[in-house]
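Top to bottom, those sequences are chains X and S.
Under the working numbering, think of the first position of the first sequence as 1, with each following residue one higher.
Under the working numbering, think of the first position of the second sequence as 267, with each following residue one higher.
In case anyone wonders, no lab produced these hints; they're calculated from the structure.
A virtual CB, placed ideally from N, CA and C, is assigned to each residue, including glycine.
Please note: incorrect hints may appear among the correct ones.
[Stated by the list, open to error] In silico BS3-like pairs for lysine-lysine, Cα to Cα no more than 30 angstroms straight-line:
(1) S:LYS420 to S:LYS472
(2) X:LYS265 to S:LYS420
(3) S:LYS472 to S:LYS319
(4) X:LYS265 to S:LYS472
(5) X:LYS265 to X:LYS124
(6) S:LYS420 to S:LYS319
[To be verified] Computed from the model, here is a short list of chain X residues facing chain S with C-beta under 7 angstroms:
(7) GLY63
(8) GLY78
(9) ASN92
(10) ALA96
(11) LYS124
(12) GLY126
(13) PRO150
(14) HIS156
(15) PRO257
(16) ALA258
(17) ARG261
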Amino acid sequence: MSEQLGEYRKIAVLGGVYSNWLALEATLADARARGVEAVFCLGDMGGFGPHPDRVFPLLREHGVLGIQGNYDESLASGHTDCGCGYTDPRDNHYAAISYRYTFDNTSTENKAWLGALPRHRRLKLGPHRVLMCHGSPRVINEFLWESATPNGLLRHLLDRAEADVMLCTHTGIKWHRALPDARHAVNVGVIGRPENDGRTNVWYTVLTAGTDLEVEFVPVRYDHEALAREMERERLPPEFAETIRTGWWTTCLEILPARERARGKY
Amino acid sequence: MTPPLLAPARAASVPQAPFLGLTALWIQITGTWCNLECRHCLNASGPRAPWLKPLDAETIRRAIAEAESLGVKEIYFTGGEPFLHGEILALIERALEVAPTTVLTNGTLIDAARADALAAVAARAAYSLEIRVSLDDPDPSCNDAVRGEGAWAKAVEAVRLLHARGLLPIVTATEIASEAGPAAGGLHARFRDFLQAQGVDRPRLKFMPVFAMGRQPASGETPLTDEDLEGFERSTLQCADARVVAAGGVYACPILAGLPGARLSRGSLVDSFRAAPLYHPACVTCHRTGMTCRNS
Numbered sequence: 001m002s003e004q005l006g007e008y009r010k011i012a013v014l015g016g017v018y019s020n021w022l023a024l025e026a027t028l029a030d031a032r033a034r035g036v037e038a039v040f041c042l043g044d045m046g047g048f049g050p051h052p053d054r055v056f057p058l059l060r061e062h063g064v065l066g067i068q069g070n071y072d073e074s075l076a077s078g079h080t081d082c083g084c085g086y087t088d089p090r091d092n093h094y095a096a097i098s099y100r101y102t103f104d105n106t107s108t109e110n111k112a113w114l115g116a117l118p119r120h121r122r123l124k125l126g127p128h129r130v131l132m133c134h135g136s137p138r139v140i141n142e143f144l145w146e147s148a149t150p151n152g153l154l155r156h157l158l159d160r161a162e163a164d165v166m167l168c169t170h171t172g173i174k175w176h177r178a179l180p181d182a183r184h185a186v187n188v189g190v191i192g193r194p195e196n197d198g199r200t201n202v203w204y205t206v207l208t209a210g211t212d213l214e215v216e217f218v219p220v221r222y223d224h225e226a227l228a229r230e231m232e233r234e235r236l237p238p239e240f241a242e243t244i245r246t247g248w249w250t251t252c253l254e255i256l257p258a259r260e261r262a263r264g265k266y
Numbered sequence: 267m268t269p270p271l272l273a274p275a276r277a278a279s280v281p282q283a284p285f286l287g288l289t290a291l292w293i294q295i296t297g298t299w300c301n302l303e304c305r306h307c308l309n310a311s312g313p314r315a316p317w318l319k320p321l322d323a324e325t326i327r328r329a330i331a332e333a334e335s336l337g338v339k340e341i342y343f344t345g346g347e348p349f350l351h352g353e354i355l356a357l358i359e360r361a362l363e364v365a366p367t368t369v370l371t372n373g374t375l376i377d378a379a380r381a382d383a384l385a386a387v388a389a390r391a392a393y394s395l396e397i398r399v400s401l402d403d404p405d406p407s408c409n410d411a412v413r414g415e416g417a418w419a420k421a422v423e424a425v426r427l428l429h430a431r432g433l434l435p436i437v438t439a440t441e442i443a444s445e446a447g448p449a450a451g452g453l454h455a456r457f458r459d460f461l462q463a464q465g466v467d468r469p470r471l472k473f474m475p476v477f478a479m480g481r482q483p484a485s486g487e488t489p490l491t492d493e494d495l496e497g498f499e500r501s502t503l504q505c506a507d508a509r510v511v512a513a514g515g516v517y518a519c520p521i522l523a524g525l526p527g528a529r530l531s532r533g534s535l536v537d538s539f540r541a542a543p544l545y546h547p548a549c550v551t552c553h554r555t556g557m558t559c560r561n562s
């Protein structure tokens with residue numbers, strides 16, 4: 001299921017809200033202040049954070065154009081697993097806690113809304129044909145890490161998608177690759193949790209059309225302490241709140257390639 | 267209604283896994299040539315006259331170049347013991363120009379100088395280098411009963427050396443030494459605790475089932491039938507998006523490399539892009555456990 005949209009000059013694209021409604025509020029305010037024409041979200045509205053239903057009014061009120069992530073697909077379909085793609089037992093232990101909490105605290109109406117989202121979106125950004133996906137164009141939960149995504153694969157995916165620019169998320173860490181043939185791949189990052197660099201801010205991406213594509217990663221500061229306290233009140237694992245407070249990932253680490261893992265604390 | 271005299275004939279055809287595209291290229295670089303002779307080795311690798319010959323560097327370079335043009339996502343070197351190959355470092359470096367690369371090793375040939383060389387290659391590379399070191403139990407005697415005298419000490423030293431250089435090796439274990447069966451949870455915790463006690467503060471682990479083949483006694487299990495696979499998503503099998511270059515051609519999966527029944531091409535990778543026959547009892551293990559030889 002994909003959807004053909006119109007033409008734009010400047011857009012904001014965010015990924016992985018993970019129920020972080022405070023970061024979502026701050027991100028939307030920042031994006032509007034930058035004069036973007038539209039805001040897109042590449043999926044995974046829930047998971048990890050508290051009070052999953054708080055993100056949906058914000059997404060609707062601001063007209064955010066979403067696509068489905070694996071979490072959204074699982075919630076909408078009533079699956080018992082988030083479909084995150086972890087293989088390690090410790091990663092899966094925390095993923096299961098997070099998914100159960102999110103499933104139990106997401107309304108039927110919001111699950112149905114997630115179920116109606118498209119899997120991909122296409123648009124024109126100036127002359128550039130853009131494909132938006134969650135993990136990769138071929139698999140919703142494929143991890144495309146910077147150190148583990150070769151140029152040959154990107155060319156292959158862009159060829160098959162008939163696109164000049166591919167935008168994805170899912171891993172939680174942003175990156176941008178300009179290929180020698182002037183095509184681009186951008187992992188837009190996530191706003192749900194910091195990116196394992198010891199800083200508490202989160203990131204989204206502003207893309208501006210020109211003869212070449214301009215890609216700007218935007219840091220967003222928000223009241224992370226308030227979010228951490230909400231997580232504690234909801235009895236989410238203390239390891240989750242620690243990540244919000246410190247900027248270091250404490251869970252879901254085993255899926256990281258060596259290079260990204262070496263940059264973190266754990 | 268009279269029951270039929272004969273039961274319906276079982277489908278005579280071998281079930282197949284579809285091919286979706288090349289995600290993982292495996293290179294059986296040393297064939298079944300190894301300096302160890304592990305009791306559970308699935309392809310019976312060892313130090314004497316390997317039944318599957320090592321590959322020459324030119325064949326490997328050709329396969330890597332072809333894989334790049336086909337959009338490969340990751341490259342793996344396995345064997346045998348890859349560090350017995352005289353050109354292994356140069357070939358790892360070449361592979362890393364194309365894709366993130368993993369080497370599966372028993373660790374016994376990684377000393378400080380080799381760990382330094384690997385760290386230098388990793389630092390220069392565009393993509394991640396992963397080293398997977400096999401260790402079957404945190405206890406030396408349990409491990410060496412399976413892998414041979416002295417294997418534990420050398421493998422643990424390799425893990426320490428690599429970790430100290432920031433390469434963060436993935437310790438790969440089967441459940442054979444602990445006799446723990448499917449209780450991977452307990453084994454997982456034991457390995458984590460053990461590695462942390464060794465100063466490996468970011469322990470990375472992968473567990474594999476034991477395959478009833480190679481040096482292990484055959485299970486006598488009946489190969490899969492289409493009936494067994496009803497309702498099962500065959501595209502989740504690793505032969506749906508992996509291919510193995512080994513002596514004699516291109517094979518469907520790393521477990522079956524070198525076996526004529528698993529050979530899909532005698533030449534190019536692209537010629538092997540067709541459905542793989544799920545003919546071997548090992549396919550039952552993949553189907554039952556959902557295992558993959560990939561890192562994750």
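Now for the hints, and whether the structure bears them out:
1. Of the supplied pair hints, the one linking LYS420 (chain S) and LYS472 (chain S) holds, its CA atoms being roughly 19 angstroms apart against a limit of 30 angstroms.
2. For the hint pairing LYS265 (chain X) with LYS420 (chain S), the CA-to-CA distance comes to about 27 angstroms; that is within 30 angstroms, so the pair holds.
3. The straight-line distance between the Cα atoms of LYS472 (chain S) and LYS319 (chain S) is roughly 27 angstroms, inside the 30 angstroms bound, and the hint therefore holds.
4. Restraint check for LYS265 (chain X) and LYS472 (chain S): satisfied, since their Cα atoms lie roughly 21 angstroms apart, inside the 30 angstroms limit.
5. Restraint check for LYS265 (chain X) and LYS124 (chain X): not satisfied, since their Cα atoms lie roughly 40 angstroms apart, outside the 30 angstroms limit.
6. A threshold of 30 angstroms between alpha carbons decides the hint, and for LYS420 (chain S) with LYS319 (chain S) the separation of about 25 angstroms falls inside it, so the pair holds.
7. Contact between GLY63 (chain X) and chain S, as hinted, is not supported at the beta carbon level, the nearest pair being about 35 angstroms apart and thus beyond 7 angstroms.
8. Violation of the interface hint for GLY78 (chain X) is found here, the shortest Cβ-Cβ separation to chain S being roughly 18 angstroms, above the 7 angstroms cut-off.
9. Given the 7 angstroms rule on beta carbons, the hint for ASN92 (chain X) is violated: about 11 angstroms separates it from the nearest Cβ of chain S.
10. Against a cut-off of 7 angstroms between C-beta atoms, the interface hint on ALA96 (chain X) is violated, since the closest Cβ of chain S lies about 13 angstroms away.
11. With its C-beta approaching chain S no nearer than about 25 angstroms, LYS124 (chain X) sits outside the 7 angstroms limit, and its interface hint is violated.
12. At its closest, the beta carbon of GLY126 (chain X) sits 27 angstroms from a beta carbon of chain S; the interface hint therefore is violated under the 7 angstroms criterion.
13. Annotation: interface hint on PRO150 (chain X) holds; nearest CB of chain S at approximately 4 angstroms, less than 7 angstroms.
14. For HIS156 (chain X), the interface hint holds, since its Cβ comes within 7 angstroms of a Cβ in chain S; the closest pair sits about 3 angstroms apart.
15. Hint status for PRO257 (chain X) relative to chain S: holds, with the closest Cβ pair at about 4 angstroms, below 7 angstroms.
16. Taking 7 angstroms as the C-beta cut-off, the interface hint given for ALA258 (chain X) holds, the closest approach to chain S being about 5 angstroms.
17. A least Cβ separation of about 6 angstroms between ARG261 (chain X) and chain S falls short of the 7 angstroms threshold, and the interface hint therefore holds.
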